[in-house]
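Chains as they are written, first to last, in our numbering: chain A, 1 to 734; chain B, 1 to 220; chain C, 1 to 80.
Hints were generated in silico from the structure; no laboratory data involved. Any given hint could turn out to be false.
To be verified - Below are the BS3-like pairs computed for lysine-lysine, each with C-alpha atoms no more than 30 Å apart in a straight line:
id, chain 1, residue 1, chain 2, residue 2
1, B, Lys125, A, Lys260
2, A, Lys335, B, Lys184
3, B, Lys184, A, Lys567
4, A, Lys335, B, Lys28
5, C, Lys53, C, Lys19
6, A, Lys385, A, Lys567
7, A, Lys448, A, Lys260
8, B, Lys125, B, Lys184
9, C, Lys10, C, Lys64
10, B, Lys28, A, Lys448
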Amino acid sequence: MSAQNDPASFEQAQALGLNADEWGVILKRLGRAPNQTELGIFSVMWSEHCSYKSSRRHLRKLPTTGECVICGPGENAGVIDIGDGLACIFKMESHNHPSYIEPYQGAATGVGGIMRDVFTMGARPVALLNALRFGSPDHPKTRALVSGVVAGIGGYGNCVGVPTVGGETNFHAGYDGNILVNAMCVGIAEQDSIFYSAAKGVGNPVVYVGSKTGRDGIHGATMASAEFDDASDEKRPTVQVGDPFTEKLLLEACLELMAKDAIIAIQDMGAAGLTSSSIEMADKGGVGIDLNLDLVPQREQNMTAYEMMLSESQERMLMVLKPGHEDESRAIFEKWGLDFSVIGQTTDTNRLVLHHEQAIVCDIPIGPLADDAPKYDRPWVPAAKQEAIDPSTINAPLSTGDALLKIMASPDMASRRWIWEQYDHTVMADTIQLPGGDAGVVRVHGTKKGLAISTDVTPRYCEADPVEGGKQAVAETWRNLTATGATPIAITDCLNFGNPEREDIMGQFVGCIQGMKAACEALDYPVVSGNVSLYNETNGQAILPTPAIGGIGLIDDTALMATLAFKNVGDTILLVGETEGHLGQSIYLREICDREDGAPPPVDLATERRNGDFVRTLIIERTINAAHDLSDGGLLVAITEMALAGGFGAEIQPSTMNDLPDHAYYYGEDQARYVITVSSDNADSVIEKAKGTGVPITKIGMVQKNHLTIGDQAPILLDDIRASHESWLPQMMA
Amino acid sequence: MKTAVVVFPASNCDRDAAVAVEKVTGAKPAMVWHGDRDLPEVDLVILPGGFSYGDYLRSGAMASLSPIMEAVKRHAGRGKPTIGICNGFQVLTEAALLPGVLMRNANLLFVCKSVPLIVENNNTKFTHNYSQGGTISLPVAHHDGNYFADDDTLDRLEDEGQVVFRYADNPNGSARDIAGIINKGGNVLGMMPHPERAIEPQLGGLDGLPMFEGLLEAVN
Amino acid sequence: MKARIHITLKNGVLDPQGKAIQSALGAIGFDGVDDVRQGKFMEIELAETDETKARSTLEAMCEKLLANTVIENYAIDLGD
């Protein structure tokens with residue numbers, strides 16, 4: 001690179017991903033050409049990853065306020081009120097590109113980054129989840145990617161000591177060239193001790209803490225804003241290496257300092273490192289920042305200003321302290337063996353001024369970098385509607401029982417035990433619902449309360465109909481939380497899409513947001529934080545649209561929590577909700593009929609709410625012995641999951657829906673449905689109650705020992721289903 | 001019963017151990033920083049689980065050289081109960097307070113699940129509330145739990161009744177299915193499973209409770 | 001003075017990581033790999049200039065921390 005203070009050229013700007021319009025804006029705002037360091041700063045701040053330039057105008061449509069919302073999007077994470085003076089702080093974020101290039105470190109640093117987003121705000125992280133999408137199981141790279149990503153997530157989260165309590169994993173050829181690694185972290189803080197990122201006041205010390213800065217990860221944010229091509233393996237040097245040991249020390253040191261009255265503002269150095277943290281803090285506080293880069297703790301020699309500002313070395317934080325608290329703060333960080341350096345101060349200039357080796361190497365106004373970042377109204381076309389599939393046109397190539405065995409051992413439905421047993425899910429001794437259920441549940445330490453947490457999206461629905469798919473993703477988390485007895489409160493999102501410069505991709509994005517908005521509004525379930533990951537394409541092949549939703553629900557008394565496991569032989573099995581036999585985009589269609597087409601099941605949000613509220617009320621009244629929502633695979637899959645979890649079988653009556661083929665009844669993926677079990681004495685009163693509130697309910701069978709008997713089919717030994725359900729993933733990974 | 005829980009850098013089950021102790025004894029344990037040279041006057045020392053020093057170099061190796069470990073050795077040398085759970089067990093072997101070493105799990109994967117354990121010796125301060133030969137269930141969560149020692153050492157451990165817990169279904173490749181061992185003096189116990197994660201029905205069951213209750217009876 | 005320290009598992013100590021590497025080598029087409037034993041390699045920069053003293057310091061380091069002699073051997077290379 002040419003000398004760092006030389007004026008940059010348009011060609012250099014282009015190489016960093018800026019277009020002619022953006023270059024023009026920089027020239028106009030500065031009144032001159034930027035130097036190399038300044039150009040680097042503009043390029044990362046205006047990358048899609050940091051500026052949300054394609055997505056911002058659409059994200060604004062989502063509801064972000066509500067009775068329980070303490071802080072919506074815009075901070076490091078979202079904050080909601082969970083009573084007793086406590087707040088839940090949470091967010092989900094993608095680390096897709098780094099994880100494809102170097103799965104272990106990419107996934108590990110994704111977990112590290114999302115945890116820092118949460119503890120930066122003053123919360124102790126209490127739960128982690130991961131929404132993972134891999135390519136086809138047969139793709140030559142898939143096995144190594146699964147192995148690396150799972151080991152990386154475990155290696156980081158286990159060491160820091162935060163339980164990984166849930167998540168989801170899909171396999172689809174649409175992710176062959178772009179896997180998705182979305183990590184969610186949930187933390188708990190005192191409401192009167194929440195920390196924000198606005199750097200207020202002039203002349204206050206700006207402090208760097210954590211690990212030293214190296215050359216790792218330079219231009220990670222730009223990489224996350226570009227498509228892959230076959231040369232992407234060459235991008236390896238930009239992948240950062242995570243150090244969970246240092247993260248744990250940083251977590252404890254930050255929480256220790258936060259208990260004192262020393263911090264004005266604090267921000268994690270995530271994507272675009274020192275650049276984005278200092279600019280965001282200054283911008284939010286309406287101040288300027290002067291930094292002396294000679295004082296930045298450095299791991300490597302002869303680092304340039306450009307490298308220091310763009311490094312994405314992990315486990316670092318930037319703080320603005322109240323003057324006079326430097327020594328007290330330094331003592332805490334040194335006790336934990338971490339670097340602590342006062343590297344600058346806040347100013348009244350509204351400019352970012354960087355000093356390095358006795359020279360000013362950057363002097364730019366903050367406004368254009370942050371708030372005036374480019375915003376685009378990308379052209380888009382709505383996705384073509386697919387025809388709903390008439391279930392009577394679908395032939396059943398397998399018997400109901402054989403189809404069940406095949407589905408339970410299929411890539412998307414097989415047990416994920418091989419994955420979650422590699423995550424410490426019980427550390428912190430508050431996990432009361434383990435992975436494998438509807439939602440992970442952790443107790444709010446020292447109280448009767450619990451947080452139910454679930455991540456969901458059905459990408460094949462989103463591709464077939466972005467609006468319904470967006471609705472369904474939100475509704476499914478709501479349903480999963482409800483099935484534990486929790487009251488859903490709010491969501492975070494991680495919106496993974498292809499190249500937004502393509503009209504069809506932008507159409508998927510706009511459609512999904514529209515559906516999410518409708519669901520959030522109908523369910524009083526606002527979005528309080530999130531992340532957008534675009535350009536998930538390789539050689540022009542985009543991923544399935546994947547707006548992953550992470551929902552949080554509150555259980556007031558964990559003694560009343562429900563689980564999906566069958567509890568007693570003889571319990572009556574009830575189906576809540578209406579069955580029309582929607583087979584379009586179903587697991588049955590894909591796994592048994594080898595077809596991926598049709599319209600996904602429509603989502604009626606009023607029905608969702610009515611049916612869910614009914615089930616939750618029964619749970620809280622202790623009428624229900626087990627509850628499970630229906631989603632992928634439909635009715636029989638849900639019943640089988642309940643049987644496997646409880647170690648009991650079931651006797652399922654033949655379908656009474658004479659106008660519907662059996663396979664549509666058993667495997668249709670109609671929404672807003674739950675399976676519940678009640679003691680047989682209670683069955684009639686529950687049915688009466690449902691009728692009173694207009695909720696469709698059907699008695700469908702009874703819990704039995706050892707065997708699953710479906711209508712007039714031969715009984716299937718539960719152990720046989722378990723064997724094939726549990727062995728698919730270990731065999732793939734062996 | 002007075003208890004101290006040692007906190008190493010990146011211990012992460014220190015709070016869990018403290019909660020378990022407080023639940024059983026009614027008293028909060030002293031949380032002792034690894035850089036301290038002295039322990040308060042206590043009956044029981046717990047080296048908790050976690051990833052001290054990130055498990056870098058070898059699990060427990062660097063923690064075993066912490067300043068506090070001299071005090072732990074003195075405490076143990078006086079015959080007082082000392083328990084190392086998971087990473088704490090690794091620290092005890094690295095500090096040579098217990099024989100052998102915990103290696104990487106045989107399948108190389110971290111494992112977190114509840115496992116059945118056979119109580120091989122209930123004639124200790126830690127296990128007298130369990131029945132001899134009985135099976136209990138405790139969670140494990142470790143990457144390096146594969147117990148190794150040479151055959152002579154293993155024979156000696158078996159002969160002297162120093163094997164306290166054995167896996168009924170070995171999750172990590174441990175020699176002779178060993179899950180927990182005690183020193184000759186009968187006061188230093190190391191075990192990979194987590195009794196502190198099994199003290200409530202809502203969590204991992206109640207099978208960890210008899211150990212803490214038994215200790216309370218033994219020292220009072 | 002620069003020292004290089006090789007830490008290897010003792011003979012007879014099971015090495016699952018070595019086994020995994022061996023089978024991975026086979027899987028990508030390197031036949032005829034009879035055994036793999038993995039270990040650790042460290043480079044240590046010492047202020048000491050006397051070779052004998054340096055060696056004895058390094059041996060102490062290995063005995064005390066760098067190797068676990070229950071399962072590991074170590075070898076020290078001195079000089080540039």
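These are the hints, each one checked on the structure:
As the CA atoms of Lys125/B and Lys260/A are separated by approximately 42 Å, the hinted pair breaks the 30 Å bound. Only pairs whose Cα atoms come within 30 Å are accepted, and Lys335/A paired with Lys184/B is rejected, the gap being roughly 37 Å. A distance of roughly 45 Å separates the Cα atoms of Lys184/B and Lys567/A; the hinted pair therefore is violated under the 30 Å criterion. With a C-alpha separation of about 24 Å, the suggested pair Lys335/A and Lys28/B falls inside the 30 Å cut-off, and the hint holds.
Restraint check for Lys53/C and Lys19/C: not satisfied, since their Cα atoms lie roughly 38 Å apart, outside the 30 Å limit. As the CA atoms of Lys385/A and Lys567/A are separated by approximately 43 Å, the hinted pair breaks the 30 Å bound. As the CA atoms of Lys448/A and Lys260/A are separated by approximately 28 Å, the hinted pair is consistent with the 30 Å bound. Using a Cα cut-off of 30 Å, the hinted pair Lys125/B and Lys184/B holds, with the two alpha carbons roughly 13 Å apart.
Restraint check for Lys10/C and Lys64/C: the C-alpha separation of about 17 Å stays at or below 30 Å, so the hint holds. This hinted pair checks out: Lys28/B and Lys448/A have alpha carbons roughly 20 Å apart, not beyond 30 Å.
Going down the numbered hints, you'll see the structure goes against 1, 2, 3, 5 and 6, while the others check out.
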